[in-house]
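Chains as they are written, first to last, in our numbering: chain D, 5 to 357; chain H, -2 to 91; chain F, 18 to 492.
Honestly, the hints are just simulated from the structure, not real lab data.
Be aware that a few hints might be false.
Straight-line distance between alpha carbons at most 27 Å, and here's what the computed BS3-like set of lysine-lysine pairs gives [stated by the list, open to error]:
| id | chain 1 | residue 1 | chain 2 | residue 2 |
| --- | --- | --- | --- | --- |
| 1 | H | LYS86 | F | LYS415 |
| 2 | H | LYS7 | F | LYS415 |
| 3 | D | LYS252 | D | LYS112 |
| 4 | F | LYS415 | D | LYS157 |
| 5 | F | LYS63 | H | LYS11 |
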Amino acid sequence: MGCGTALRASEGGMNTIIIDQSDMGQGASGVNAGTLSMQIKRVKLMPYAIKGHDMWQKMGQEVDFHKTGGYTLAFNDREADLLHDRMTMKKEAGANISFVSPAILQEKEPSLAQKIVAASYCPDDGYANSSLTGQYYRKRITQLGINYMENTKITQINETSTGYEILSGENRIQTKRILFACGGWLKEAVSLIGEDIPVNARVNTVSVTERAPRLMNSVIGHATGLLTMKQKNNGTVLIGGGWQGIGKPSEGRGKVVMDSLIPNLQLAKFAAPKLAKVRIVRSWTGFEANVPDFYPLAGKLGKRDNAFILGCVRGGYTIGPYISSLMGDYILGKEPEMPLFDPSRKFEQGKLI
Amino acid sequence: MSSENTDQIKRTEKISFTFDDQTVEAYDGETIAAALLRRGVIHLRNAPNSNTARGMFCGMGVCQECVVEVDGYKVEACRTKTSNGLIVKKVSYV
Amino acid sequence: MYDVIVIGAGPAGANAALTAEHYGLNVLLIDEGSDAGGQVWRVKSKSILSAPVTETSLKGDKLRQRVKSSEVDILFETRVWQIEQNEEHVWQLGLQGVCERSSVSGKALIIATGAQERVIPLNGWTLPGVYGLAGATALFKEHMILPGKNTVVAGSGPLVFFVASEIIRLGGTLSAVVTLNSRFEWLKAAAEMISKPGLLWQGVKWVFKLHIKGIPLHWQSALSSINGNEYVQDVDIIKTTKYGYLKRKLNVLVEADSVCLGHGLIPAIEATRLAGADHHYDETLGGWVPTIDQCGRTTVKYLYACGDNAGILGVQAAPYRGELSAIAAVEDLTGSTSETINHHNKALKSLGEEAAFGIAATALTIPKNGLIENIGKNVEVCRCEGITREEIEIELIKGSVSPNSIKSGTRCGMGPCGGRFCSESLAMITESITNQSREEIGLPTARPPLRPVSMDEISDELDYDELPIPGVSPL
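If we strip away everything but chain D, and leave its shape as in the complex, we get:
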């Protein structure tokens, strides 16, 4: 999202530099499961997700975008009710979602479990290869001649009469404006200028299998949101669902733990029984920013006119390209096409149903 904003700001004529403590696009945007699904987006964020999805589609082959359609599954009556209520609301919010009978699903996705009692479908759902996020943006940024510094950890930020002075080792960078777009690391980053925001980090687990015979054609989800699955063209299956590993952004990369990985894989195996014989080759975690009400942070940081913050909570991969273009416009002083999300709002506690 930092890159997306930089592109927009640079196109609008601002002299821009990107600083990343590690490699470009190796945070949440580079290590998530790549799902671009309308069915797992929050109702209020649907208009943003639809726009974001369009932008991924335009990036196309460079990010390995595939519009496969997606099914969300319910395995018991409680989940079927949940699915019905939630998808109906998402449909009303503009997503192209319909309900399909288990019989039709069986015909389209014969390798899925027999025990499915209800399912919903969205033809727009698909995926991109999140591993390619960094490569895509590095290319765009190089084309536009935007400066970037990777593997550069900011050690100090001083306020100056004209803006900020950013220090990293021997480097000193003067800037009029600064945008913090560092996902799970946001709290740590804004503390450099003495600000505090109620951000913590989720530690999402993702796993990938070796190549397997075709087990599914579309993106598969679960009524609870606790499973996402897709099989890429090369035959590997990516399994996610937001199961939590452990670790803090300040302590390096997070860690996979068996207590959450195993139920995640059990659920995947339950949904697609043939996965039982397939080998997992890698499981990893990615930090995702999280706030109490589960809505994005996008706007001015505190009472400052020259410091901004952009963090997406839930669905950030899909929404990212769009909300960063809105942020770019906002920094340029233009009215964004859709409202941003004031980081200084009063956070109400969101509910996990």
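Add chains H and F to chain D, keeping to what the hints say.
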């Protein structure tokens, strides 16, 4: 291969298993890869991208080059033991 | 819960387990093999009822006997796929294999996973019939079988000569032996190895045997290509400069149906990395090693590393390193006694005597710059995903510099072997193009599983209503 000093080595009795419908004799308990190598069968699979021939390489379960299919599972031929009647297949990526 | 869990039952790990047991601790020893011994003292296949004994088979049998008659709990044919440490510093390991348990826990963890082979890619190295030198030793020791009817042995370090001599011992035919090292390098190493005249003499005998048999021995030479479509047909042998660069004009074509190829051993650090220990780069120890004190204590509490995975010092040093890390674990868990202190000092002294030999042997395998230049544009560096040197170079030119970033952009290292065979060559290519040091280049993030593991092996059937649902995502 046949040229080893067999007279000084005593092995278990022979059993047989199949590799892609080809019947292969093996000493009971030796690994699939060793039994196949003894018969000169070293092309165990084709790589998924380049489609080039592959066989056992590291011999100790690291490189994954010798994987074959047993009962639908992908297993390392260099670490999986043969048994009488075992059905071993070349892996399929489609 | 165990007091001590040891991963790896080679000379280091088995001795660590036996030492910890000697001090009254409750010990579990885990190994993927069917018995103790590791790679060097590898146990014979159960299909071999009897065979001529060798010095290494005797040593291995003695170790196996000691383990068998001890109180150490054993899980053979079992792999560890995950390593976790909880907030109370208790280790929890995920297991796969023949064992019934899917996990096990312990207070202290000793990692003795040994070495893996460095094989620098060259044209044709993916052909069936090409084996790593260490892989070839597994064929001899475990199966007493030859790699082919006529074999070329090539690479660097002592393993080249060991493999060649074993092929002769088992009645095989050698087409050529090709060593990257010069006679001068060997003489230099021999001076360092003089502390172990017995072992040195062994090496001299290997070379002498080749001369007697009239086998072409190419000093300071390398394979430039292994040729064939489905099988190895012949190889090109070329003299190199002392830095390993090919001298283009002196090409010898040699027929062979098999090639044993290797460029030294590197520490198998994936387990210590997954366990969270700090590592650093030291080429004299084989490359990346866990940062340890002289007893094998890592930077993580109750985590120890011993044997070649803590730096390549070889089989002679391994038992003492195992003892030292076990003593460290014993002292950390139960406190030191005069017995542990004496034992520690004695083992440390023995280790010092043995280490020099291992360091001198490892020095012969420090990769020469020319080797990397010799990897052709179209050679597959990542065997699993078929990623060529050219694709890696393009990614580097586009601006990726770290292993994680190159992996993301090319899929180099994303296949089933998890980068265990390409990460070394990938880093060397990065080093030669970007001029960063290996320490600066770093390593890709360590991730489980340590080896591919089927879903069935790690997750039991689900009782759906028992699934722990942590809370549905927000609407």
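Verification of the hints:
no.: 1; hint: H:LYS86 / F:LYS415; result: violated (41 Å)
no.: 2; hint: H:LYS7 / F:LYS415; result: violated (59 Å)
no.: 3; hint: D:LYS252 / D:LYS112; result: violated (41 Å)
no.: 4; hint: F:LYS415 / D:LYS157; result: holds (22 Å)
no.: 5; hint: F:LYS63 / H:LYS11; result: holds (13 Å)
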